[in-house]
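6 protein chains.
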Amino acid sequence: MAPYRGCLIGRFQPFHRGHRKLAEYVADDVDELVVGIGSADASHTRRNPFTAGERVMMVRKTLEPFDITDYVVPIEDLDRNSVWVSHVQSMAPEFDVAYSNNPLVIRLFSEAGIEVRQTEMFDRDELKGSEIRRQMIDGEDWRQHVPQPVQDVIDEVDGVGRLRDIE
Amino acid sequence: MAPYRGCLIGRFQPFHRGHRKLAEYVADDVDELVVGIGSADASHTRRNPFTAGERVMMVRKTLEPFDITDYVVPIEDLDRNSVWVSHVQSMAPEFDVAYSNNPLVIRLFSEAGIEVRQTEMFDRDELKGSEIRRQMIDGEDWRQHVPQPVQDVIDEVDGVGRLRDIE
Amino acid sequence: MAPYRGCLIGRFQPFHRGHRKLAEYVADDVDELVVGIGSADASHTRRNPFTAGERVMMVRKTLEPFDITDYVVPIEDLDRNSVWVSHVQSMAPEFDVAYSNNPLVIRLFSEAGIEVRQTEMFDRDELKGSEIRRQMIDGEDWRQHVPQPVQDVIDEVDGVGRLRDIE
Amino acid sequence: MAPYRGCLIGRFQPFHRGHRKLAEYVADDVDELVVGIGSADASHTRRNPFTAGERVMMVRKTLEPFDITDYVVPIEDLDRNSVWVSHVQSMAPEFDVAYSNNPLVIRLFSEAGIEVRQTEMFDRDELKGSEIRRQMIDGEDWRQHVPQPVQDVIDEVDGVGRLRDIE
Amino acid sequence: MAPYRGCLIGRFQPFHRGHRKLAEYVADDVDELVVGIGSADASHTRRNPFTAGERVMMVRKTLEPFDITDYVVPIEDLDRNSVWVSHVQSMAPEFDVAYSNNPLVIRLFSEAGIEVRQTEMFDRDELKGSEIRRQMIDGEDWRQHVPQPVQDVIDEVDGVGRLRDIE
Amino acid sequence: MAPYRGCLIGRFQPFHRGHRKLAEYVADDVDELVVGIGSADASHTRRNPFTAGERVMMVRKTLEPFDITDYVVPIEDLDRNSVWVSHVQSMAPEFDVAYSNNPLVIRLFSEAGIEVRQTEMFDRDELKGSEIRRQMIDGEDWRQHVPQPVQDVIDEVDGVGRLRDIE
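Residue numbers (this note's numbering), protein chains in the order written: chain A, 1 to 167; chain B, 1 to 167; chain C, 1 to 167; chain D, 1 to 167; chain E, 1 to 167; chain F, 1 to 167.
Bear in mind the hints are in silico, worked out from the structure with no lab data behind them. These numbers come from a predicted model, not from an experiment. Beta carbons are placed, not taken as given, at the ideal position from N, Cα and C, and that holds for glycine. Some hints could be false.
Which bits of chain E does chain A cover? Going by a derived footprint, with three or more residues having C-beta under 8 angstroms, they are [said to hold, decoys possible]:
# : segment
1 : 74-87
2 : 138-147
So, partial list: chain A residues that the calculated Cβ filter (under 8 angstroms) puts toward chain D [as the list claims (entries may be wrong)]:
# : residue
3 : Thr69
4 : Val83
5 : Val85
6 : Ser110
If we strip away everything but chain A, and leave its shape as in the complex, we get:
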């Protein structure tokens, strides 16, 4: 029998502790975990500072200790909402349920007849990516909000310097 797979979609700029907590929750729920990294073609902007490859590293390294098979795939923007679900399905292993807290993503999966579960409840107490990016720019303590492997990636690529330069 094919394993039951859940797909977690986000931009992960960066992948933070709320994302990890959510991934843990989903991992309990499914046999295999697909992580789709949205806006994969975007990088070097205030809103999307990290490349897809950098985010793949963040996610894979953070999930490595989990006892679950994971697939981490970049999803480039096509700028056509009406084909976005098919696009995700073509880039990712087949999945049974999607997890997201983005209203547009939820609507698109629903219209396509794919079960989607809202994730807002799981990361309620965590900072959003935009706030973490602001803390990086302003020199505040952003490190406490992201897992160790994510800190390592950000340091390796001089993520803080990049964010400040392009602001």
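Given chain A, put chains B, C, D, E and F in place with the hints provided.
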């Protein structure tokens, strides 16, 4: 110190035993293994029957028993050779050396100043993807040429039926 | 002799009574009516909630009682103003005059040497699409502003629910 | 109750008597007829000489005498088979069944769970588009193979001259 | 020995006296001058009113009296920051150093290992393009801020009328 | 009065003596010379080995001794014949007449109402680009067929090695 990473590039239509043998060889050589799945946006053609997501499954499942951290990333075609290396670099974790037996890929990496190693010697005795696809269409014994997880994926998505229909 | 054709361009999100009044006016003026549905690739956004196909239905059904041959064609955005006129001309039957109240559209047709007539005077008393979309979100009486076939399409695709979800 | 709609997909280079016969057959079968003009962005090549707008005219004018509501929509190529069905669905009014004799189209609709009926049996005795284009180039009697409105469009745009020039 | 080439990057909407002063400075510094016209595919907007071709004329005509070999190349946007440097390199003759005052451009060249010099200090007393465009719209004396050949181009293409129409 | 401009279109892979002879002929005919480098986004293929930037260098350096103002602009492929003329017009300074020996280019300009002159008669005795590329691969004497500056560019970028590698 950052791990030493090697990047193996191919279309993997499908991922066959020659590819696995090559991955094993590379894995011995590096700390972490990046696998770039080329022409990720292509599928449902005679030359590229499988989607990127299906190929991600083939590769990840085959590499799972290896004792190495791997990253398997789809690489969409941009149809611009001159920016292709940068595109790969943005989708994949940073790597130190690339492996390929495609003359164009080798040339592009070389011009970009990235070390690239030819792989032809490692899969010399293996069938090419085109021959395996022909065997699938003609009902010959293609299964012996691909690892078990790849057979499973092909069966799950009715890959043989798809190939015959679109021929 | 080739019929004299007029082309009416708009996004029609949704096609409302002002648009219908304008189409009636143009229909009196020409032998055949071309309707170009702009931003055809956009959908599921606050500004462009409906797909091209949904808008094709709205327009065709509303124009059906008119005694005129019409052509209703989606026009995808190319994001290059300088080739936009040629793009419209390739997607639509050849036309002699264009109707629009969009300053950019008017300028582009003029620079291309195509006669264009401003339409503002005809829909002066009608609501704009943005206001109708707001009324849909806020539960006000948007139905009075759109023809019956447009109401039917919006109901069939749960247009109000979609707009509220993606807001 | 929503009308039962059938969607006929083709490139229609040009729309010939076999296409018309097929459209008649489908029209008997459904309440409303959607015609999707494929490769809408292609024109001025040996294989795709006519623009989407020219083909829209051919089809609409030929279908006009039919007693059925029709929708004729250009479908641009996205060069991604895996999202093609969603793309068609976004450009066309919602339909219940598709008609095609293209093996790839049939496979893609089937994988998406949409009913598709093969059309080969209906135009068995008709010339193919490629043969009609060859006759136009070689000065043979292509006119007998296309409906009168299609002849008119081809004459109006100097279709024969165009084909010969770009050969 | 290959000549030492400097590349000056900007949108040049329009090319003004500050740009010319900067080009003069760079020309002193290098053997040959490459000018990359960014956002070449944009035109007819408030922010990018002039086509690439119009801007090519502005720059070439202004540089003509300089005693230096120049190359003026349009650079279309790819909307992928991570491949932008490779894209520029493929469209322009090979260059040794880039000049820009755009923080993103500076960061992208730096990450690619290309020397980049900031230009802000050279045009400090000059108006910005946005201010010159405002003056054109408001009927103020914009002519004093642009070289004579640029005035000629703007007059030839009715640049002021275009800007006012599309505002 | 605006100068009379002629536009010479080609892929120039590479720019050879026939092209130079043709440019000389056109230069006699017009006040200013526009050279459009087609398929600018293509490179590193057997048919299009050189980047746009490399070809800009070839052309500019060869034309430098001519006593005429020239504009050398890369023209990326849009893969839409119906908007190609507008695209060229947006990238190039406005021109009065085009020169080409490509049947498709001639047809597209003619349909757009732009005067186009065939160039075949001028380079009748010269080798074609495809033959020169073959000679480069086979180690024959290709140098006699291209101007000195073109030889320099090809040597500088190891053009012969590139062609042989990617064959």
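Here's how the hints hold up against the structure:
no., hint, result
1, 74-87, "holds (count 4)"
2, 138-147, "violated (count 0)"
3, Thr69, "23 angstroms, violated"
4, Val83, "4 angstroms, holds"
5, Val85, "7 angstroms, holds"
6, Ser110, "15 angstroms, violated"
Checked against the numbered hints above, the structure breaks hints 2, 3, 6 and satisfies the rest.
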